[in-house]
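Protein chains: 2
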Amino acid sequence: MEYSNSSNTEQPQTCLEITMEVHRVVPPPHKSTIHKLKTTLKETFFPDDPLRQFKGQPTGKKWILASQYIFPILQWGPHYSLSLFKSDIVAGLTIASLAIPQGISYAKLANLPPIVGLYSSFVPPLVYAVLGSSRDLAVGPVSIASLILGSMLRQEVSPVSDPVLFLQLAFTTTFFAGLFQASLGFLRLGFIIDFLSKATLIGFMAGAAIIVSLQQLKSLLGITHFTTKMGLVPVLSSVFHNTKEVNGWFSSSLQWSWQTILMGFCFLVFLLVARHVSMKRPKLFWVSAGAPLVSVILSTLLVFAFKAQHHGISIIGKLQEGLNPPSWNMLQFRGSHLGLSIKTGLVTGIISLTEGIAVGRTFAALKNYKVDGNKEMMAIGLMNMVGSSTSCYITTGAFSRSAVNHNAGAKSAVSNIVMSITVMVTLLFLMPLFQYTPNVVLGAIIVSAVVGLIDIPAACQIWKIDKFDFIVMLCAFFGVIFISVQDGLSMAVGMSIFKILLQITRPKTVMLGNIPGTDIFRDLHHYKESMKIPGFLILSIEAPINFANSTYLNERILRWIEEYEAEDHKKQSSLQFVVLVMSAVSAIDTSGVSIFKELKKTVEKKGAELVLVNPLGEVMEKLQKSDEAGDFMRPDCLFLTVGEAVATLTATIKSQVSNHVI
Amino acid sequence: MEYSNSSNTEQPQTCLEITMEVHRVVPPPHKSTIHKLKTTLKETFFPDDPLRQFKGQPTGKKWILASQYIFPILQWGPHYSLSLFKSDIVAGLTIASLAIPQGISYAKLANLPPIVGLYSSFVPPLVYAVLGSSRDLAVGPVSIASLILGSMLRQEVSPVSDPVLFLQLAFTTTFFAGLFQASLGFLRLGFIIDFLSKATLIGFMAGAAIIVSLQQLKSLLGITHFTTKMGLVPVLSSVFHNTKEVNGWFSSSLQWSWQTILMGFCFLVFLLVARHVSMKRPKLFWVSAGAPLVSVILSTLLVFAFKAQHHGISIIGKLQEGLNPPSWNMLQFRGSHLGLSIKTGLVTGIISLTEGIAVGRTFAALKNYKVDGNKEMMAIGLMNMVGSSTSCYITTGAFSRSAVNHNAGAKSAVSNIVMSITVMVTLLFLMPLFQYTPNVVLGAIIVSAVVGLIDIPAACQIWKIDKFDFIVMLCAFFGVIFISVQDGLSMAVGMSIFKILLQITRPKTVMLGNIPGTDIFRDLHHYKESMKIPGFLILSIEAPINFANSTYLNERILRWIEEYEAEDHKKQSSLQFVVLVMSAVSAIDTSGVSIFKELKKTVEKKGAELVLVNPLGEVMEKLQKSDEAGDFMRPDCLFLTVGEAVATLTATIKSQVSNHVI
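Protein sequences appear in the order of chains A and B.
So for the first sequence, UniProt numbering puts the first residue at 1; every next one is plus one.
So for the second sequence, UniProt numbering puts the first residue at 1; every next one is plus one.
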C-alpha cells in the first residue's frame, strides 16, 4: 500500500483489505486498585520474586527452604566435598597472604591501629561464610571505605591526640554502616545503590585512588609532619613545602628520608611489576597475590638486620598478641559525635556495599550462578554489625582480593574460613614478627593496590559512548580530588539524577513517515526513504507523560503543528489529522491526562482531528477515566496501529469526498 | 499470517511475501557531537524556538522585532484603538475596585502596613503593562505569596517590635524574588516551575487557603492576643484557649468581641453570596468584583456613624497620603538576615511565578494567543525588582483578579494601567477615607478570596485518575496545615520527583503476542486474543535504559526467560529467540549499553539467540559504538518490526530443519 499515491486504490487489493480490517483498541482487563498496588509493590521491592521457590511446597520443606534462604551455608554445606576443600584451602591461604599486609595497611589508612585491620580480617569473613551467597567474595577491609572513614572522622576528632575516642567512633560508624546496609537489604531498597552509575564509580574510584596514593607520600617519603587534609592541593603543598627548606631533592632534608624513599621505591617497583605480570598472565595470579607478603617479610628482615629504624625508617612498632577483644562497650550511641558517626556510617556503608555487591555480581555472572542483591546486603550489614562489637572496622567484599580468590580456584565461602583461620594464627602467634615492618612498605602495598582502581580504558569507552556520562565521571573525579570524597560523590550522583530528570522534562517527539510499500511507520529523520502522508501529521511521543513534561509536550506538539502548517502553506494541502502514537508512553499522571483535552481543543480549532494510536493499558485506563464525554475513546479516533489509522481515515475522507461529488 | 499455525504456509501467500520482504534497520544519519549538543541544548532551553521569527529578516526589521520582543507593548500598542480602550477602561475600573480592598488586606496578611498593599498595586502593573505579554493578567499582591512572606520573615523578626527592619526585609525579599524570577526566565530555566505538579498545587493551595483563613480568625473574632505561629494546632489552641476563660460563646469575653463577630459574619455572608452569584452566572461578574469595595465602604460608614471603634471593633487607623516613596535605600544586602531574605525570596518567587504563569497560560489558551513562559518570567521578575525599590512587596498575576479582568472584557494590558491610575488617585486623595475601615472586613475579604483556592472537584478527579497523585496532594495539604507552608511544598515536590525516579528504576517490560491474522504484536495481558509464538519470547522494554534501571532490567529479563523455560518444560518446545522490542527505549547510557552484552551472553548460554527490534536512532548509535564485534548489528538479529523478525526467523529455522532432513 502506498498511502502517498492515491492512484494506488485502482490496483487489486488483497493486502489492503486485510489491513483495512481494523482491530479494535480494547481497554485493558479490569484490575482493582489493591491488585495494581500489589503488583507495583512487588515489582518495586521483589523484582526477583525471591519467594518463588516456596510456592506449593509442603510445610516441612518450606522450613528447610527458609533456613537455607537465611543461611546459604545450609544449602551448599551438605554437598561440600574433599576435592572442593582442596581448592578452597589453596585459595584461602593465597588470600590470607594478601589480606594480612593489606589489613595492616588499610587500618593505617583509616588512622586506626594496624592490628584492627587484622581483627577485621578474622571475624567478618566467618560471619559472611555463614550468611553470604557469593562463592568468590573475599571479605575484609578495603581501601576506599578505610580512606573515607578515616578522613571523615578526622574532621572532628584527632586520631593522634584522642586515639580512644577515635577508635570508639570508628566502631560506632561501623555499627551504623552495618545497620544501614542490613536495613537496605531487609527493606528491599537495594536499588538505591544503582544510583551510583558506572560512570560515577569509575570517576570516583580513580579520584579516590589518587587521594589514597597521595596520602601514602607521607610513608613513602618518610615525612613526619604531614597535613591532615585529604585534598590534592593541601597534600602537595605539604609535600613540597618541606623540600623548599633545603636544596635538592635527595638531600638529607629534615623531612624527607632518603633511606625511606629508596626502600619505598624498590618495593613499589617490585609490587607493580608483580601486578603487571599477573595481569598479563592470569595463571600467575600468585605472583601479585604473594608479592605484598614477600615485601613485608623482606623489608622486616632488612630493617631488623640493619637496625634501619635508627636510620630514619619508621616502623609499625610493638603489636599486641591475641584475638579480637570485645568492643560492644565502645559503641557510642549518645554524645556530640553521634551525628558524625551516623553520617560517616551512611557514606562508608553505601560505598562498601556498592563494592561488595558489584564484586559479587561480577563473579556470579562469570560462574553463572545467582547472587540476591538484597540478601547480600543483609549479609554484609550483619557482618559489619557483628564486626563492630568485636573490634573490627568496616569490611566488605574487596575487588582485588576476590579476583585473586577466584583465580586461585576458590569454590565456596570456605576459602574465607581458611583465610580467617590463617589470620587467627597470625594474631595468636606471629604478631611480634611485624614489630619491625617499615611503614613505607605498607604505603607501597596500598599504592600498588589502588593503582588498579584507575580504569582508563573504561573512561575512554565512556567518552566514546556517552559524552554526558563522561562529564559525570569527570565531576566525580575532580570533586573527589579537589573538594572531598563525599562531596565529589554526591555531586556526581546529583548530576546523574539531574540528567534523568532533564530527559524526562524534555521527552522526544518524532515525526513518523511511511516506508513506501509497507504499513511500517518510522522516524522521518532516521529512515530517509520514509515519506509523509498528505493531510496527516504523525507524531510519536517517546516517554511517559507527567507533570514535569506535560507543558513542554503540549507546546512542542503545537509547534509541530505550526511547522506543518507553515510547510502546508506552500503545498496547498491542509492538515486533517494529528496522529499521536502512544506506544512508548508507558505511564501518565493527572497533569499528563489534561494536556490531551487541551490538544484536542487546539487541534479542532485548526479544523483537524486528534487521533490516538495504541495507548497502553494504564494510559488508556486513565484517559478513559478522565474523559467523561468519551472523546478519546471514539472508535474513529483510536486505532491499534498507525497503518490502520491512516488507511481507515484516508478511506473515510475519500468516501466523504465521493459522496459529496455525487 | 498466523505464526502460531504452521499449516498456514500452505495457503496462497501474497501477504506473507510482502511482509517477508525484510526492511533493513539502518543506522541514523551521522551527526557530529557539536550538532547533537546544539540540538539538545535548543530543545532543553529553547523548546518554543523564540527566535524563529527573526530568521531571514533584514537587519532593520530585526531591530524592530527585537524591541517588540523585549517590550511587547510596541507590538500591540500601534494597533490600539478607541473601542479596545473602552473595554479596557471598564475592566480596569472593575479590577481596581477589587484591587484596593484586596491590596490593603493582603498587606496585612504579610504583616506589612496596609498602604504597602496599595503601593504594590500601583507601580508593578505599570511595569507589567510594558513588559508582559498576557492580555488578561491583573497584577498585584496575592494571598499565598503574602502569607509565605509574612510567616517566613516573622520566624526571625517581629513585625510588631521591629517594623522598620521587617519592612526592609520584605523589600529585600521582593528584590531577591524578582532577581530569581528574572534569572529563571533569562537562563530559560522556566521548566523548573513545572516540577510543581497540578496535584501538588491543588493540595498546597487548599492547605494555604485554610492557613490564611485561620489567620483571619484574629480579625473575624476580634482577638487581640493571637499566636504568631501559622500551623492549625497553635492557631486553634490560641482561639479556644481564650474562650475557656469565660462561659458561653457570645458572652462579652475579654478576647472575643461580639460586635466584631456580628459585623464579620454579615459581611462574610454577603461576600460569599456575591461570589456564588458570579460563579453561577459569569455575566454577573461585577457582583463579586464590586462586593469587596462595597463592603469596605459600607463598613467604614457604619463604623464612622456609630463610632464603633470605641465598641471593640478595631480599625485600620490613619494612613499616609501620597505616592510610593523610593525604597532602594532600604534593601539590605548584608547582615545576619541576608540568608533569610534570599530563602524567602526563592520560595515566594517560585510560588508567585507559578501562579502568574499558570494564570497567563490559562487565559491565553482561552483567547487562543500565546504566552512565552520564559519572557513572562522576566517580566514578572523585573516588575518585582522595580517594585522592591519603590516600596512595593512581591506581586504577580492573581487568579481571581485576572478572571474578573477577563470577564469584564479586558482587551490588553491597558486595563492594568487604568487600574494603576485608579490606585494612584486613591493614594493621592482618598487615603483618609480608609481610616475608619474595620479590620474585620479586611479579614472577611481575604477569607472570601481564598475560599476559591479549595478545589474539591479537582481533588476528586485526581483520586479517580491517579491514586499516587492523590497521595502527593494530601501530602502537600497536610504538610502545609500541620508543619509549614514551605515544608509542605517541598515534601510534595520531593514525593513527585521520587515517583518519577521510582518509575525509572522499575520500567515496565511486557510480553508481546501476535494478534491472530495480522502481523501486529501487542501486550499479552492487555489483548486477550493475542497469542504466543512457540520458540519466541518477545519482550517490549518501555522506558529509557540507564544506570538506575539497567540492573533491574537485566534481572527482570532473565526472570522472563526463566519463567518461559519453566512453562516450556511442560510444552516440550524450547526457547529459540529472545526478541527485545526497543521502540520505546528513547535513550540509553553507558550502563544501559553494557547490559545488552551480558544479556546476549546469558541468552546464548541457554542455547537461544538475542534479537533486537527497531532500536531508535540514538540507542542504535550507542549500541554500535560499544559493540566492536558487531554482534548487535548483524542483520540476522536486528529487525525493523516484530512481524518481520518472527517471519524471517521462523523461515530460517524451517529451512534449517528441512535442510537437515534432506
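Hints listed in this document are in silico derivations from the structure and should not be mistaken for laboratory results.
Among the hints, a few may not be true.
Treat identical chains as interchangeable: a pair holds within one or across any two.
[Said to hold, decoys possible] Once the Cα atoms are required to be at most 27 Å apart in a straight line, the calculated BS3-like pairs of lysine-lysine come out as:
1) K38 <-> K467
2) K31 <-> K499
3) K283 <-> K36
4) K370 <-> K597
5) K464 <-> K318
6) K62 <-> K86
7) K42 <-> K532
8) K343 <-> K55
9) K508 <-> K597
10) K532 <-> K307
11) K411 <-> K229
12) K318 <-> K370
What you are looking at is a predicted structure, and each value in this text was computed from that prediction instead of being measured.
Quick rundown of the hints versus the structure:
For the identical chains of this complex, K38 and K467 are inter-copy neighbours only, at 13 Å across copies versus 39 Å inside a copy, given an alpha-carbon limit of 27 Å. Taking the closest pair of Cα atoms, K31 and K499 come within 27 Å of each other only across two copies (21 Å); inside a single copy the shortest separation is 34 Å, beyond that limit. In this assembly of identical chains, K283 and K36 lie within 27 Å of each other by CA distance neither inside one copy nor across copies; the values are 53 Å within and 45 Å between. Proximity of K370 to K597 under the C-alpha cut-off of 27 Å is restricted to the inter-copy arrangement: shortest distance 17 Å between copies versus 48 Å within a copy.
In this assembly of identical chains, K464 and K318 lie within 27 Å of each other by CA distance neither inside one copy nor across copies; the values are 52 Å within and 72 Å between. Taking the closest pair of Cα atoms, K62 and K86 never come within 27 Å of each other, the shortest separation being 33 Å inside a single copy and 84 Å across copies. Only between protomers do K42 and K532 lie at most 27 Å apart by alpha-carbon distance; the minimum there is 25 Å, versus 43 Å within a single protomer. Taking the shortest Cα distances, K343 and K55 never come within 27 Å of each other, neither inside one copy (41 Å) nor across copies (55 Å).
In this homomeric assembly, K508 and K597 come within 27 Å of each other (Cα to Cα) both inside a single copy, at 20 Å, and across copies, at 26 Å. In this assembly of identical chains, K532 and K307 lie within 27 Å of each other by CA distance neither inside one copy nor across copies; the values are 87 Å within and 79 Å between. Taking CA atoms no more than 27 Å apart as the test, K411 paired with K229 passes in neither setting, with 42 Å inside one copy and 65 Å between copies. With identical chains, the CA atoms of K318 and K370 are never at most 27 Å apart, being 44 Å at best within one copy and 80 Å at best between copies.
The earlier numbered hints that this structure contradicts are 3, 5, 6, 8, 10, 11 and 12.
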